[in-house]
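Engineer: Sequence:
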Amino acid sequence: MTEFKIPKSIRAYADIRTEKSQGERFYIDDGSLSRHLRIFRSGSLCRVATKDGFLSNNDWSGLSARQNKFSKFIQSILEKESSTLDSSNIVNGDEEFSVPRNLIEMGQEFSEKVGLRYTWEKKAIRFLSNFAGEKHKIEKMKLVRADAKFKIKNHSLHVRKFIYDPSVEGLKNALTKLTSLSKDLKGARAIKPLRNAKVILHPSLASVWLHEVVGHWIEILSGKLMVKSWIGQRICEQDLTVRDTPVANEQFQFLFDEEGINSREIVLIDKGIFHEPYLTLWSAYQSQFSKVNGHARAQDFKFQPTARMMNIVMNPGSVSIEDMLHEVNDGYILYGSLGGIREPNHYQVQSQYGYKIEKGKLSYPIFGPLILGNNGTALRSLRCIGQDYQFVFDGGCLSGGQFLERSGRGAPYILLEDIDLL
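To convert a position in the sequence shown, counted from 1, into the numbering used here, add 52.
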């Protein structure tokens, strides 16, 4: 299905999304296999457009008899055609799974310091839609997921790392770096709560700050009727450019969205100016955009697609990390993330660890503090943007009751002012 213009009336639209997926997850703890889970998912979601919005098969029980009859009629047609989803690219259900023995041996080697969770999943997905009398199909598309989550087993220090390299060598390299880091952070101190601090965020944390402060704000804005009025408005004094791209690498690529629309890169903010929102079929229709951009996402077939991030990235600036450090007489540089939350008025991002900065130089290590900020002034706190960019692999995103396993992000070093640390 390619991009198409939204007609004046969307009431002729109906679609069905069918998924079949299979995979496994296992945990290595204390040098042994502690849990081994198989993953099987299959099902469909059918939607019909009415004057009040999309209705799914989960909503039809409460509809009037007339609407219910129409919905069932559309559903029967779509389900009949989509019942033959070809899932030949998925491993057969009776195929035996086996945990690589060298992974267990590797877990034993690092068992004193690190726990490992490893997951892979293959998915076949099919879209079938009827839009203004035209039928569109996508079938036999395969999405592959493989990731690992490591955690240093230390009650005082919380450090974790995601890696999306499914090879044993990739996992071993990550474990080696993580155990080395645990030695470097020996003796790390906790900090006292601090107001109006200067902090430098490493790309591993700056990307999460970007995700919470910019990404979720634009997601919320994208669902509002007046989103078009924001286009062309300056929202940041700095030369900030933020993009959302469907393809970052093999593990973070979205060739189409959950409505079957081809995904494309969009520029959210262009040199401090709001440029384009995330769009689904319904939000584009409501806000009178002529085209969609393929950024509708859903946890799986049980959920309605909403406008969400795919791979949000901040373009690098021109400031070196050395010059950035010289800007800080008394402050901190923070690394890694344990997650973030955007609330109606405030945001918070949990760092993993960092170092005290004294007169432009690194001093002692610290446990990662919690970064707190006001949503309304968050972009004003951005002092400068570094030139060293990094795409970060650190997990998914929970928003609106839907958890997305993959939500990529990338950023350079950034310097923030007037930040509260807890």
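Think of the hints as simulated: they come from the structure by calculation, not from any bench.
Backbone N, C-alpha and C fix where the C-beta goes; we use that ideal spot for every residue, glycine too.
Don't take each hint at face value.
[Stated by the list, open to error] Quick list of simulated restraints, FRET-style, between CB atoms:
1. Thr429 <-> Leu85: 45 to 51 Å
2. Ser342 <-> Lys413: 49 to 55 Å
3. Leu474 <-> Ser281: 33 to 39 Å
4. Lys343 <-> Leu414: 46 to 52 Å
5. Arg87 <-> Asn426: 40 to 46 Å
6. His88 <-> Glu374: 27 to 33 Å
7. Pro245 <-> Glu457: 33 to 39 Å
8. Lys235 <-> Gly448: 27 to 33 Å
9. Lys343 <-> Lys408: 32 to 38 Å
10. Arg90 <-> Gly284: 32 to 38 Å
11. Phe92 <-> Arg316: 30 to 36 Å
[Said to hold, decoys possible] Here are the simulated DSSO-like pairs of lysine-lysine, each with C-alpha atoms no more than 30 Å apart in a straight line:
12. Lys354 <-> Lys250
13. Lys354 <-> Lys276
14. Lys411 <-> Lys175
15. Lys343 <-> Lys276
16. Lys235 <-> Lys343
17. Lys413 <-> Lys244
18. Lys250 <-> Lys235
Engineer: Does each hint fit the structure? Answer for all of them.
Structural biologist: Going through the hints against the structure:
1. Thr429 <-> Leu85: 45 to 51 Å: holds (49 Å)
2. Ser342 <-> Lys413: 49 to 55 Å: holds (54 Å)
3. Leu474 <-> Ser281: 33 to 39 Å: holds (36 Å)
4. Lys343 <-> Leu414: 46 to 52 Å: Given a distance of about 48 Å, which is inside 46 to 52 Å, the answer is holds.
5. Arg87 <-> Asn426: 40 to 46 Å: holds (41 Å)
6. His88 <-> Glu374: 27 to 33 Å: Given about 48 Å between the Cβ atoms, the range is violated.
7. Pro245 <-> Glu457: 33 to 39 Å: At 34 Å between Cβs, range holds.
8. Lys235 <-> Gly448: 27 to 33 Å: The hint (27 to 33 Å, Cβ to Cβ) holds, given that Lys235 and Gly448 are roughly 30 Å apart.
9. Lys343 <-> Lys408: 32 to 38 Å: violated (50 Å)
10. Arg90 <-> Gly284: 32 to 38 Å: violated (51 Å)
11. Phe92 <-> Arg316: 30 to 36 Å: holds (32 Å)
12. Lys354 <-> Lys250: violated (44 Å)
13. Lys354 <-> Lys276: holds (24 Å)
14. Lys411 <-> Lys175: With Cα atoms ~52 Å apart, Lys411 and Lys175 exceed 30 Å; violated.
15. Lys343 <-> Lys276: holds (16 Å)
16. Lys235 <-> Lys343: violated (53 Å)
17. Lys413 <-> Lys244: Since the Cα atoms of Lys413 and Lys244 sit roughly 20 Å apart, the hinted pair holds (cutoff 30 Å).
18. Lys250 <-> Lys235: Within the cut-off at roughly 27 Å; holds.
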